[in-house]
Structures are given as C-alpha cells and as structure tokens.
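Add chain B to chain A, keeping to what the hints say.
So the chains spell out like this:
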Amino acid sequence: MTTESHSTAIALSEPAPAEITAGSEVAVKVTVTCSAGCDLGGLPLTVQGPGDDKSECTLATSDPGNSESAEIALTAPRQVGPQTWHITFEPHEADGVRHDGCSLAVTINTIPHGTSLAVWDIPSPVLKGQPFTIKVGAKSAANSDLRGLGIAVHDANGAVAARGRLRDTPLPGTAALYWDEVELIAPAEEGLSRWSVRFAADSLALPHDGTAAEFSAMVSRPPEHRLTVKVIEQKSKEPIADVQVRLGPFRGTTDPAGIAEVMMPKGTYDLHVWKSAYEAPGRPIEIEGDLSVEVEALFVPEEDPDNAWTM
Amino acid sequence: MSTQDRNNKNGAPPALSRRSFLSKGAAAGVGAAALTGATAANAQAQTRWDLTADVVVIGAGVGGLPAAITARDNGASVIIVEANHDIGGRGMLSGGRLHLGGGNAIQQRHNLKDSADQVYADWVRFDSNSSRYSDRDLVRVFADENVPTYNFLVENGVEFIDKMIGPEQASTIPRTFVTVEWHVPSEIVAPRRNRNGSGLVRRLEASARKKGVQILLRHKMTRIIREQQNAGRVLGITAMAGTNPVNIKANKGVIIATGGHTGNVNFRRMFDPRLTEEYQQACEPWVHQGADGELAAMDIGGSLWATACQTRDGGAAITKTRHIGCRWGYSSLVYETDSPMFQLARATGLTVEDWQDVIFVNQVGKRFWNEVDGSYNFFAACMAWHGDKSKLNGGGPIWAIFDADGAAREKWNTKPPNVDPDGFFFSADTISELAGKIKNPHQKQPMSGAVLQETVERYNSFVVAGADADFKKPKPLHKIEKPPFYAAWTTPILHDTLTGLRTNTNSEVVDTRGEVIQGLYAAGECQGGFAQHGLARCLAFGRVAGRHAASRTT
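Protein chains in written order, with numbering that gives the first Met the number 0: chain A, 0 to 310; chain B, 0 to 553.
One chain only, chain A, in its complex shape (with noise of 0.2 angstroms):
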C-alpha cells in the first residue's frame, strides 16, 4: 500500500501580545492547516514552554475543508524577559495518509508587575523641626502580599528621612493596600516642602516594579495667637454653621455659632471663607495677637434642581 504524504502549516491566528506581566496567563490561538485539506480535528498539539514544562492539547475543526484551530492558555514564567514557547503538530499517518509535522515559536516577553502608593493623612502645615506622622500604603498590580516590605521616604535633596515597613493586614476598605505609619521631622525652614516615598518592592515572588509618589506640606512657625473668625450672613445677621476658614495653609470650620477658631503664628494672611451658595470676599488680616474677626457672607441661593414644589 503507497503512504500519502500532505505538508502541514501552523499559524497564529492572531499575534500574540507583545508583552505580558510575569506569571500571568494568555490564550493564543493557533491554526494548523494540511495541504490537500484534510480534517485534523481532534489530532494533538504538544506545547513546549519556556522552562521543562510540556503539555498538549487538541486540534478542533474550525473551517472545514481549510484549518483546524487549538486556543491554548500560556502561562508565563515569573521570570522577566523574553519568553518563547514551541508548538508543535507532530508527524501522523493514518490511513495511508502521512502528515508532515510543523512547529510554531511563539516569543511573548514578560514584564515586572505594577506598583502604586497612596500616602494621606498628612498633616498641613506642621511645625518646623517638630516632629509629625503619615500614612503611607503600597498596593501591587498582582495584588500580591506586600506585608512586611519596607518604604523609605526621602526629603527634598533625595536623603532618606524616614523609614517604615508595611503592616501586616492590608487598609480596611481597601483590596489590597499594605500600609504603615511613618514618623518625620519637619525641617527648619518655613514654607512648602517636598517629600517623596519610595518603594523598592524586591523579594517578592513574583516580579515588581518599584515605585514612587510625592506629597506636600507647609511648615511654618508654631501658632501664638487665637483668631476667632466668626460667619454670618450678610442680610440676615444670622451665624453660619460649616464654613470653611482658609489663611494659606492655616484652616478651621465653623460651628453652629458661626464661629471658628484657629491657631497661628504673627503674620499677615489672606483670610477666605467657603461655603456652597454663600459668597464672600477674601480680605488681608494681620496677626499681632489673639484676634476676633467677624465676616459676611451672603446667601445666593442657586435653586436646588430636585426641589419639591407643592400646593
């Protein structure tokens, strides 16, 4: 009996991505073709990867008479750099038919994993050379265990000012956020400062990128004197309740009174006020002593789309 011998073809069907984050998954699709077009649906598929790792899978008949396709899940070493995998259809004879065998490398390069940073609760401003606290949190991509990684803060020059080590539960209300508190010392000089947080995010199992964010705050000298602003509207003498007090970074809010009270040092600011609906002009204020000061604002109501209108 005479053997047939087809050549066979093996193809994506679609590129491959050219990059994907280590120790993550990706489905190909491949498409394996005879030449004198016959079926191989149900035929094998080994695939090869990047490290011993070898597994296989089946041929289904995707166009008769043309191809037959195999949709194959890769999975990426936790590895960084270029990655390939080898699949193959490998020689089959059945029925006096031979099949040739093909094979298709696939190179994909896999890439570290994000990170991110939040820091809050920051306080502004706070005293120079007197100490103060904030929270800094790193969150990674992969949402992997970041529980006892460290994070270093550094100060305007790049000289690392304070260091901590992520806790051990991630924020609550947060997925993944491992977070820490860190103590630092505000410098000597008045005015707006820089800091930068840094995480390296190594010997993590899986690869990370490492991160950075920023974050302000103003220094100033400590508060000797009382201002007492109190808020009222403009029309009716009555005292407003939620105002926001703003003198640069110094702030307060008022209570049911209208009133809010706010330490600082001597100096001379600009005083605001805000409310939604109220205006107010802002005007200069001079700090010698504790000091009241009284501002209106007045009502300009801008109607409220969803109010009810009845008999």
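The hints are simulated quantities; they were obtained by calculation from the structure and are not laboratory data. None of these values were measured; they are calculated from a predicted model. Do not rely on the hints blindly, as some may be mistaken.
Computed footprint of chain B on chain A; a stretch qualifies when at least three of its residues, placed anywhere within it, have a C-beta under 8 angstroms from a C-beta of chain B [stated by the list, open to error]:
#1 65-77
#2 94-101
#3 111-119
#4 135-148
#5 213-224
Quick reminder that beta carbons are idealized off the backbone N, C-alpha and C, glycines included.
Frame of chain A; chain B shown alone:
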C-alpha cells in the same frame, strides 16, 4: 393600568380601533408605496392610506398634545403618533416650569403687572443672549399667546402651584409657574423626584383623549409624504408600528412635534462640531431626541432657522452633570430604583453638593479647569483638544476624581445602585491603579497612572499652599489622598434644542427658498427661531399650529 397598556384604552385591537374611528373614507389596504418624484395625483394614487384624519400630529409631548387638543377644539379629527410606549416626551420628566406671563391669573392674584407687550419687550432684549438671536416675528406671536395658553391649560385640567418664580432668563419680572405633579406614582416615569411636568402632560393627555384625539403609541414616524419631493402640499405620513408601515393621511395638515435634536450626533454637530458622541442627552433613556421631525421635513425641502440660538453659549443647551458615576446624570433627573427606566439607567448617581470635593480630569488624566465653575468657559474647556491625534473634535470623557474623605463629606455610598461600575464608576486603592481601571466606550486611550498621580499630587500641593496656581479654583479646600479612590463619569450633558425648522407665524414650515410647505407645521423643540428654555414656547406654538391646521380647507 401600566403605561404599556395605554395604547389600548379603547378596549379593542389597535388596528381595528383606528380604522373604525377615523378612516371611513380612506382607501382600503395596507402598505407603503414609494413616492419619489411623484405628482400630486400619483402620490395620492400610489399611497394606500391605512388611516385618515384631518390633522396628524407627530409626537405626544409638550408641543404635540396642545396642538392636537387645539385642532380638535377647532373641529378637526386628530391622530397623534408617538414613537415611545407612553405619552409625554421630555415634558414627562421636566420640572413642570412654564414661562408664561403676560398678565395671567396667577400674576393678577399676586398683583404683578404684566402684559403681552412686556413679554415681547423682554424677549427681544439685545443685552441677553437668551433673546438677542430670536426671530422677533415669532416672539411677538409667543407674547400674544401667553395668557391664552395659560387659560387653555387651565381649561384642559392643568393645575398650577400658586407661586411665582423669577425673573428668569430674559424676563424682567416673575413669569415662571409650576404645574402640579401627576397624582398616580406608577404613571410618573421618575417617581418621588418632583417631576411636576408629569402633571402637565398627563392632564393634557386625559383632555385630549376625552375630546376624541386618537393617540397611537409605538408608532414612529419615518416619512412625511408630500405631493412631490420638493413641491406641492403635504399629504400625510408613514409611521412604523414595529415592523409594519402605517400610512396616515392628513386631510388638513401634519404637525411635527417630535422634540429636539440633542441625541442625534450628526445633526447637532451641524451647529457645534465639538458635540461628538461622548456627550449624553438629558432625559435619556426615556426619550431619545433624534431630530426625526427635522430630518423628515428637510427631506421634503424644510429649512432650519435662527441657528445662532443653538450656540449662544448660555442657558441650558449644555449642562454640568450633577449626579455623577452614572451614565445619565442630568441635573434635576434621578431614576430611582422603582422607576420603570431604572433597568436602562442602571444607577441613580451620586448627587454632588459641593464641587470642592472632587477634581475633574480629562481622558488623559489632567485637570483642565476650575471645578466649581459651571459656565460655558468650563464647557469649552471640557470640549477642548488635549493632544489626541485620533480625536480632534470633542474633549472625550470627563472624570470626577475623589477620595474616601470626599465621599464621606458628601455622605456618598459608592456602591450600586448609586453608581454604575460598568463603565461609569471605578474605585481603586491608589490613584495610579485607579487610572488603569477606567474603561469606557468613549475613553479612547488608557489613562496613564503616572499622569493621574502627578495631577493629584500637584492639586494636593495647591490645597496645602491655599491657591490653585493652574486654574484659579477659589480656595482649593480638600486634598485627594485617602484611599480608596474613585473616578466617576462627569461628562457634560446636552439639554436644550434651541434651533430647528423654520416656520412662519402660523407655525407653518418654510422651505429653503422661503416658501411655505403647505400643510406642514412644526411646534416644540423641533421649531427654530425662539431660544427660550423650557415648555412655554412648545405649548404656545403647539396651539398656534393646531389652530391653523384645523382651519385649512381640505
């Protein structure tokens, strides 16, 4: 009775009911026939009319209902076709505020002097962009129709709250009056949200039905039939009832009252090319304003008019979203979970009390304007080009970014059904991660985590310093720093249609050569020439159109 059942109020199968009611003299048979280039005789001969009425009104909203009632009052038989499953159009979801003065009964009770002449004088003011671009011939008609329209509404059962609002828009005295909300919660599309316009349209619907107006729901007009494509009188319309064409003959006239064009991207971009697909339309998904009437009229020669009204950079043509984190966040409209629209709306949104609690970023993650501003400068900034070479028009999505502290200040519950996590609301543990999560059909490119983080860090430094060095936001108050972080859809929403078909003072549609298209009328937002926000002009010109159409000889 459910709103879906309203089509069968006569208690008989709709087709049988329609024929027995109005089409005694009509030719038998169903089906539409092509009319291109047909002569008058040919057009009539080739069209097999399924139904006939003296006046056919397209749209059962704030323009169409008064048109139909007025035509009926003047002796005409009337059919309304309505594409939706219920009547009302956008009026159903409006606040029911009518800008109708002129010395009406409420004004008189409150000893407020007003007159038609004063209404006219106010609404042709050159120093208000609400009025300076309007066609003064139409304003004069509107002014004269103020009191008659108010009286018409009262006579047809519409109830008003005995309060005056204003002055608003170009008016110099209070002229805004609010209708009483409909009393049946199941027949209000957005129940418990003070949609007083429901009382206007439901009461007009009741009056229209009582007077014998036939309302055909789920009948979408697809064509206005004219003797010749660009000549002769209008004969009727074709409407689709599902997949079935229904030809309706109008012995006297067809009144277009289909609403505006804000939902039709191609159409609205005739007036402002920036208004690309990402901008939503107010009152969706209840009503889609597809410019159907304008297009059908333009197909047979109709002209647009006073197009400057649309781009006057004032009023409510474009509005700031107030309910964020959902697709449809129009300022005064919330679909609660018991609304029949909730399944489509999918979220109620987070209502913003203080824009200090968020920052806005564009699709590349950058701030672009002072967030507490709601002016047309803000809208221009929203629609600005920001370097995307693949999208030169429109500004892409706008996202409100806030943190856990901001959510706490606003007392927001950031879970469904308040937000729509399917493309319109995202949360993450860090700002950088948040950027990567933003995926939306209109977000044409991924937002860079590094860019968004830099934006937030910079803004936070402004809060610390007490001044917004980039956009002069007054007193930036709150840092965005405490996890988790949120991104909520805040892209501006389009509301007013302020231009449309050219009409004369009888509401008769005029063609591109300045000639009246005999038998064709337009009223409501599809009518051009009068840039007034709200319901009043729709009601007034609906009445004008109905009255004139009924007076035509067959």
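Structure-based check of each hint:
1. 65-77: That given contact is violated, which follows from only 0 residues of the region 65-77 of chain A lying within Cβ reach (below 8 angstroms) of chain B.
2. 94-101: With 0 residues in contact (Cβ-Cβ under 8 angstroms with chain B), the coverage given for the region 94-101 of chain A is violated.
3. 111-119: As far as the region 111-119 of chain A goes, the hint holds, because 6 residues have Cβ atoms under 8 angstroms from chain B.
4. 135-148: Since three or more residues must qualify, the claim that chain B covers the region 135-148 of chain A holds, with 3 doing so at under 8 angstroms.
5. 213-224: With 5 residues close enough to chain B, the hint holds.
Violated hints for the displayed structure, listed by number in ascending order: 1, 2.
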